[in-house]
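Got chain A; can you put chain B on it based on the hints?
Number of protein chains: 2
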Amino acid sequence: MSSNDLSNSVISPLGDRFKSDNFNGTVWLNMLTPFGTACPIGNVTFEPGCRNNWHKHAGGQILLVTGGRGYYQEWGKPARELHAGDVVNIPADVKHWHGAAKDSWFVHLAIEVNSEKGPATWLEPVSDEAYNPLK
Amino acid sequence: MSSNDLSNSVISPLGDRFKSDNFNGTVWLNMLTPFGTACPIGNVTFEPGCRNNWHKHAGGQILLVTGGRGYYQEWGKPARELHAGDVVNIPADVKHWHGAAKDSWFVHLAIEVNSEKGPATWLEPVSDEAYNPLK
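Residue numbers (numbering that gives the first Met the number 0), protein chains in the order written: chain A, 0 to 134; chain B, 0 to 134.
FYI, nobody ran anything at the bench for these hints, they're computed from the structure. Incorrect hints may appear among the rest.
[What the hints assert, rightly or not] Sample of chain B residues at the chain A side, in silico, Cβ under 8 Å:
#1 I10
#2 P12
#3 L28
#4 T32
#5 C38
#6 I40
#7 G59
#8 L62
#9 L63
#10 T65
#11 A83
#12 G84
#13 V86
#14 N88
#15 V112
#16 N113
For glycine and all other residues, C-beta sits at the position ideal for the given N, C-alpha and C.
Okay, chain A solo, but in the shape it has when bound:
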């Protein structure tokens, strides 16, 4: 491996299908460190068009985008387009969603912050009216 290859760094395998009513499509989850530890880290892969419902985290969350193209949106704000290398620092108790663009897979690491403060609170789906205008 030379320094020219660093931008092609490989991360984690897909892991298992993650079945959840909080996503509108197919998602894979590979936990890199377990729930219940100080800093649970999951590798999350969304198929094109798949996003999660609006939700919030009691302790916050950090997203590190590792592949594809997707979006992050906080309630009342415009959606932010995301690409590999982008970092999203989600404050505690801020209502938001994240997921893939319509035509792209999307992969991020999700790092729970202050996880001892409690689990995520899941809310309503992202409406087609909100999602469909995104490119």
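Frame of chain A; chain B shown alone:
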């Protein structure tokens, strides 16, 4: 991007040269989230042959290997060879080092766990007698 491309996910740029007496060669550091937040995350790139000194973390640390080939060793144990996708969960107060193999660059994300417990404690360099036998 198709699902076949997921294994080539790109991560972070090199960032800045990180000048420190606690490494025996050239290292680059790109902080993805700042020191002083709940969960500081740095992208660390080692040139071939470069490793850090023995050290320990008051709150622990998680390494996510994103590229190249390197090693992690805890005091009194054999070195563990690392490749992209490997995860190292470093317990609090365990003396250890990490760095590149002799012939490879090495890149990992370093996630500080329970960082409010205090900074790392830096100790002596890894001896040539310990490092040179590693392939």
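Hint check results:
no. : hint : verdict
1   : I10  : holds, 5 Å
2   : P12  : holds, 7 Å
3   : L28  : violated, 14 Å
4   : T32  : holds, 6 Å
5   : C38  : holds, 5 Å
6   : I40  : holds, 7 Å
7   : G59  : holds, 7 Å
8   : L62  : violated, 10 Å
9   : L63  : holds, 6 Å
10  : T65  : holds, 4 Å
11  : A83  : holds, 4 Å
12  : G84  : holds, 5 Å
13  : V86  : holds, 5 Å
14  : N88  : holds, 6 Å
15  : V112 : holds, 5 Å
16  : N113 : holds, 5 Å
Violated hints for the displayed structure, listed by number in ascending order: 3 and 8.
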